[in-house]
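Enquirer: Let the hints inform the model, and build the full structure from the sequences given.
These protein sequences, in sequence, are chains F and U. Taken in order, the first sequence gives residues 1 to 326; the numbers are from this note's numbering. Taken in order, the second sequence gives residues 1 to 554; the numbers are from this note's numbering.
Think of the hints as simulated: they come from the structure by calculation, not from any bench. It is possible that part of the hints are untrue.
[What the hints assert, rightly or not] If you want a taste of the chain U side facing chain F, the calculated C-beta under 7 Å gives, among others:
1) 379
2) 385
3) 387
4) 392
5) 455
6) 458
7) 461
8) 465
9) 491
10) 501
For glycine and all other residues, C-beta sits at the position ideal for the given N, C-alpha and C.
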Amino acid sequence: MRLKLVPSDTSLDFFKLSKMTLGASALAMIASVVLFFMIGLNYGIDFKGGTTIRTDAQNPVDIVAYRAALEPLGLGDVSITQVIDPAAQLTGATSNVSQIRIEAQEGAEAATVETIKAVKNALIEVDPTMSFPQIDSVGPKVSGELIQTAVIAVVLAISAVLFYIWLRFEWQFSVGAVAALVHDVVLTIGVFSLLQIKFDLAIIAALLTIVGYSLNDTVVVFDRVRENLRKYKAKPLKDVLNQSINETLSRTVMTSVTTLIALISLFVLGGDVIHGFVFAMIWGVIVGTYSSVFVASAILLRLGVKRDWDKIDDGRAGTQFANIDA
Amino acid sequence: MLQFSFSKKLLIWAVCAIGILMAAPNLFYTSVEQSNDAEATLATGVPATPELTAIAGQWPAWMPSALVNLGLDLRGGAHLLAEVQVEDVYAERIDSYWPEVRDALRAERVTIGTIRRQDGADTDLRVRISKPEAMDTALAKVRALASPVASLSNVGATDIDVSAEGADIIVRLSEAERLATDQRTMAQSLEIIRRRVDEAGTREPTIQRQGDRRVLIQVPGIGSAEELKELIGKTAKLTFHPVLSRTSDPDTRVQSRQILLPDAQDQGLFYVLEKTATITGDHLVDAQPSFDQNNQAAISFRLNPTGGRIFGEYTASNIGQAFAIVLDEEVLSAPTIQSHIPGGSGIITGQFDVAESTKLAIQLRAGALPAKVVYLEERTIGPELGQDSIDAGALACIVAFITVLIFMVLSYGLFGVFANIALIINVGLIFGLLSMIGATLTLPGIAGIVLTIGMAVDANVLVFERIREELKGGKNPVRAIELGYERAFSAIIDANITTLIAAVILFVMGSGPVRGFAITLGLGIVTSVFTAIWVTRLVISIYMERRRPKEIEV
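Expert: This is the structure in structure tokens:
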């Protein structure tokens with residue numbers, strides 16, 4: 001007996017509730033923007049400058065004592081969090097790891113040797129078994145540039161993709177796909193604001209991967225729409241879209257599930273260092289799958305599509321690549 | 001078409017085999033690494049010891065031995081991004097022109113009157129003359145001191161701009177000279193940092209210039225970024241000493257206030273020197289490869305005003321004597337003083353060719369960091385954390401891999417097995433490619449591989465779903481498979497190109513670990529399309545030919 005995540009023949013109407021789903025998406029996006037401006041992202045030192053120190057000790061993490069030890073150093077804003085590793089919890093291994101973050105010090109680019117030594121000494125006095133397996137320090141100059149590069153990267157990626165889809169399909173597809181992308185990126189920023197997960201360079205990499213993945217999904221659906229539009233010239237657009245989504249539904253779910261399997265195993269077993277990164281991608285796969293159906297296709301339906309696919313040989317720009325396959 | 005020509009089959013299997021062969025050394029990482037190190041040691045001409053040969057033999061020589069480099073976050077080590085304060089050098093440079101300018105103007109005392117150096121901006125040399133009406137003569141004199149700047153972009157440019165402001169002559173470094181100075185400062189800084197880091201003797205340090213004035217330093221295996229900073233901060237010691245005698249006996253007894261130092265190149269040559277240095281590296285402002293009057297390779301150097309005065313007095317009273325140029329307790333060269341050298345600049349001649357003089361000039365300049373270095377970014381990763389990350393990443397990879405394999409078999413039965421064969425080859429190809437191009441694997445890079453495992457099945461899923469549809473439509477198995485591949489092709493290509501676009505942008509814009517992720521993601525896309533389109537199809541084609549099933553279930 002085969003495992004079938006989706007029945008062989010589905011004929012669900014994905015647009016019955018399209019007003020509701022589009023409304024929900026719009027609401028979620030607004031909420032994300034509000035969260036972003038109200039709470040803001042928990043920027044990591046990559047973007048804000050400062051120093052993070054990872055501590056590892058034999059004795060349990062004692063945040064209060066650590067804080068008391070660092071207080072006299074006058075380092076400004078210091079945040080201390082215990083790092084929880086689900087893999088260690090599963091195996092019952094002891095993990096007494098904490099992450100200490102110090103804001104960028106006045107007048108210094110990266111943290112000075114003295115600052116780090118002072119912090120180490122103060123902490124070792126609290127717990128002599130402590131070691132410091134990771135210390136990162138980024139100066140405000142570099143962090144400013146990193147933000148700039150990151151924003152450019154995301155914008156570039158989205159525009160490049162917009163261009164590619166416009167080349168391969170029609171502009172309406174392009175708008176639908178990019179709306180889905182923006183939706184995914186905005187919701188990811190929203191969830192990172194809400195949960196206050198550290199937002200660093202790796203998360204930008206995750207965002208770009210989400211862009212790639214979400215598109216992957218959207219493109220597969222659109223590819224089928226393009227094919228069906230040629231096949232059923234008289235069928236209403238809504239039915240063509242519905243049929244296309246239904247036909248690709250099994251693949252959409254399969255790929256999302258295999259990707260999620262891989263990502264979840266990485267989330268649980270991959271160590272806490274890449275938690276935020278993997279979390280962003282898991283979220284992105286879920287949102288991206290949703291958006292390719294409920295955002296990209298719904299927008300395509302509202303924009304409408306030219307149906308004269310057969311007459312594209314008259315050399316109009318933008319579609320000349322569309323009929324090299326099939 | 002489901003039929004493959006023999007040559008095509010051969011090509012596909014050859015690509016797979018080569019990829020997996022290239023990936024194989026990574027399975028035995030430690031022993032291959034030791035073997036490579038031992039072979040590298042042997043290649044430098046070190047006499048072969050039985051142990052060394054044994055270690056080198058741990059991995060057969062005919063097998064490929066390229067490994068995936070492990071990034072700093074997996075191996076542990078320190079990362080520094082340093083910015084060289086190139087402007088620091090301008091003030092010192094312009095200051096070193098003062099003796100020359102002074103001497104040139106003094107020679108014209110009758111027309112221009114007395115001269116006095118004025119205070120001004122650090123980067124200006126400001127000289128007041130008491131007879132401003134003779135300014136033109138003074139300017140001409142100072143301008144005559146300018147020498148051409150050798151650069152590709154500024155043909156005919158000279159090193160100084162000379163202008164007048166009232167009774168003051170202002171000498172500034174020209175734009176071309178500033179650029180040239182910046183380039184030299186960066187080259188010097190890189191050289192010094194490289195030498196300092198090499199002293200630590202760690203494997204494969206990365207020392208890279210980034211942009212106009214930054215240096216990226218990555219040293220695996222070093223304890224912390226602080227240690228690395230201390231190492232780089234240390235200055236090379238350059239000194240000039242009077243030479244008392246030369247000897248070939250390394251055990252020569254020397255009197256007090258004397259030292260015995262070896263020659264840097266000639267192993268059997270030693271010098272007895274006066275212990276007190278005449279000139280130290282602090283006095284040296286610049287050293288450049290040049291030529292002497294006989295067109296022999298030489299090195300011109302320039303001292304700061306104090307050094308210039310000392311050197312002038314010393315050379316005047318010691319013509320015919322040798323003095324030794326000593327760097328870090330080794331005598332670089334010991335030229336004979338030909339004449340009095342005023343003005344703080346001179347030329348070192350010797351038995352060297354252009355390449356040697358260039359190197360020596362760099363070494364001379366490399367004595368001390370030419371400018372202050374500010375650290376913009378520093379990261380330390382302990383080796384245990386790196387190992388933990390490798391272990392966690394490997395475990396996650398294996399679990400993800402096995403789960404996906406099982407899932408595919410459950411979903412597609414026999415065809416799932418075919419897809420799995422392709423998936424296994426796919427992972428082999430990724431590692432093979434990574435080893436071949438010498439890419440660096442980082443923790444996000446491992447995440448990229450895991451993600452690829454998840455997504456690699458996508459192309460197969462697209463095809464299989466399509467085959468299912470065609471079968472449902474009543475096509476016979478062979479036709480359904482052919483159509484499945486044909487019709488899924490455009491979706492596979494479009495979907496993967498869009499992801500590839502994101503990966504390429506990540507690679508171009510990203511740095512460090514993010515770039516590592518982009519590499520594995522990008523390679524993963526390429527290999528997964530290859531395995532899905534050709535390998536699975538080939539496997540299916542072989543199955544269909546051998547078994548000729550009347551009906552298939554996908």
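Enquirer: Each of the hints needs a verdict: does it hold here or not?
Expert: Hints, one by one, checked against the model:
Given hint, residue 379 (chain U) at the interface with chain F, holds; its Cβ is 5 Å from that chain's nearest Cβ, closer than 7 Å. Checking residue 385 (chain U) against chain F: minimum C-beta separation of about 4 Å stays under 7 Å; hint holds. About 10 Å separates the beta-carbon of residue 387 (chain U) from the nearest beta-carbon of chain F, more than 7 Å, and the hint is not met. Below 7 Å, beta-carbon pairs count as interface contacts, and residue 392 (chain U) has one with chain F at about 4 Å; its hint therefore holds.
A distance limit of 7 Å between C-beta atoms decides the matter here; for residue 455 (chain U) the minimum to chain F is near 6 Å, and the interface restraint holds. The beta carbon of residue 458 (chain U) comes within 4 Å of a beta carbon in chain F, closer than 7 Å, and the hint placing it at the interface holds. For residue 461 (chain U), the suggested interface contact is upheld, since its CB lies about 5 Å from the closest CB of chain F, less than 7 Å. For residue 465 (chain U), the interface hint holds, the least distance from its beta-carbon to any beta-carbon of chain F being 4 Å, beneath 7 Å.
Hint status for residue 491 (chain U) relative to chain F: holds, with the closest Cβ pair at about 4 Å, below 7 Å. Hint status for residue 501 (chain U): holds, given a least beta-carbon distance of 5 Å to chain F, under 7 Å.
When held up to the earlier numbered hints, the structure conflicts with hint 3 and nothing else.
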